[in-house]
Amino acid sequence: MDQEGERLVRISRTFEAPLELLWRAWTEPDHFMKWYGPRGFTAPTCEIDLRVGGRHLWSMRSPDGRQMYFTGVYKVVVPMERLVFTDSMSDAEGNLMSAEMVGPGMHVTMDVTVTFAHADGRTTVTVSHVGEEHARTGWEQAFDKLAAMLAKA
Amino acid sequence: MTKDPLSLTFSALADPTRRQILARLADGELSVTELAQPFKMTMPAVSKHLKVLERAGLVVRGREAQLRPARLQAEPLREVADWVEDYRRIWEESLGRLDAYLKTMQSGEKRSDV
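Protein chains in written order, with the numbering used here: chain A, -11 to 141; chain B, 115 to 228.
Note that these hints are calculated values from the structure, not bench results.
Some hints here could point you the wrong way.
One-sided and incomplete, this derived list gives chain A residues near chain B with beta-carbon spacing under 8 Å [said to hold, decoys possible]:
hint : residue
1    : -3
2    : -1
3    : 1
4    : 3
5    : 5
6    : 11
7    : 13
8    : 25
9    : 38
10   : 115
11   : 117
12   : 119
Using N, Cα and C, we set each Cβ at its ideal position, and we do this for glycine too.
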């Protein structure tokens, strides 16, 4: 695995659906709101300005009614192939949350890459994400080493 | 930016000596003297590293005036790791819901096509 891969969290899933449907599910708010969020959550709002530099602002509501907003900017938009966007917790207007507001760690901006691949009528979507700060400082490797050392201790 | 706890954690972890200090503290409390020995470092140099780790909340110092043994506090690390894990789960479970949604969407489309 390449070095970049070691820092990335990668999730992959294959769907019994055509590529075009997956692309629409990720890029059209009406569809996105139907599936975004963990089990039991809903996605009450979603704005997507699908172009490089365009903003997204979507939210999820937990079963106990807590609403969380996430915003970011599209960096790469290649239809039916690839989306790259940033993602950070924000308020309803899209102002980023500070660590003081959401707690340490939770204010980290994630770099999210979504790739779409189809074969035999099925479509595989891969989501990978890495904290921007992790990438910038290489700290996560340090963290991994430390975690390994602590585990051995 | 300097007040940001996560940045403090990052910069504290960026130094190999400080990571070694943390790893040694995983075995238990150590005084500055004990910490200084294997590093061939002066005690003030070790104290300086400990201050950085303390500010990042990774280490707490005892109150005993003389020794002030240092103790590992892994909470800030856990908070970062927990969030990465929570964030991963958001997408993983979302993709599960997407699978279910696509099924209803496709059956709906087929019906309307007919």
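Here is what the structure says about each hint:
For residue -3 of chain A, the shortest C-beta to C-beta distance to chain B is roughly 5 Å, which falls under 8 Å, so the interface hint holds. Hint on residue -1 of chain A holds. Least Cβ distance to chain B is approximately 5 Å, under the 8 Å limit. Taking 8 Å as the C-beta cut-off, the interface hint given for residue 1 of chain A holds, the closest approach to chain B being about 4 Å. The criterion of a C-beta within 8 Å of any C-beta in chain B is met by residue 3 of chain A, whose closest approach is roughly 6 Å, and the hint holds.
Evaluation of the residue 5 of chain A hint against chain B yields a held restraint, the C-beta minimum of about 5 Å falling below 8 Å. Because the smallest distance between the Cβ of residue 11 of chain A and any Cβ of chain B comes to about 12 Å, over 8 Å, the interface hint for this residue is violated. The beta carbon of residue 13 of chain A is positioned within 8 Å of a beta carbon in chain B (closest approach about 6 Å), and the interface hint is therefore held. Given the 8 Å rule on beta carbons, the hint for residue 25 of chain A holds: about 6 Å separates it from the nearest Cβ of chain B.
Below 8 Å, beta-carbon pairs count as interface contacts, and residue 38 of chain A has none with chain B, the closest being about 18 Å; its hint is therefore violated. Annotation: interface hint on residue 115 of chain A holds; nearest CB of chain B at approximately 5 Å, less than 8 Å. Interface hint status for residue 117 of chain A: upheld, as the beta-carbon distance to the closest one in chain B is roughly 7 Å, under 8 Å. Taken as an interface hint, residue 119 of chain A checks out: its beta carbon lies about 7 Å from the nearest beta carbon of chain B, inside 8 Å.
This entry does not satisfy hints 6, 9, going by the numbered hints stated previously.
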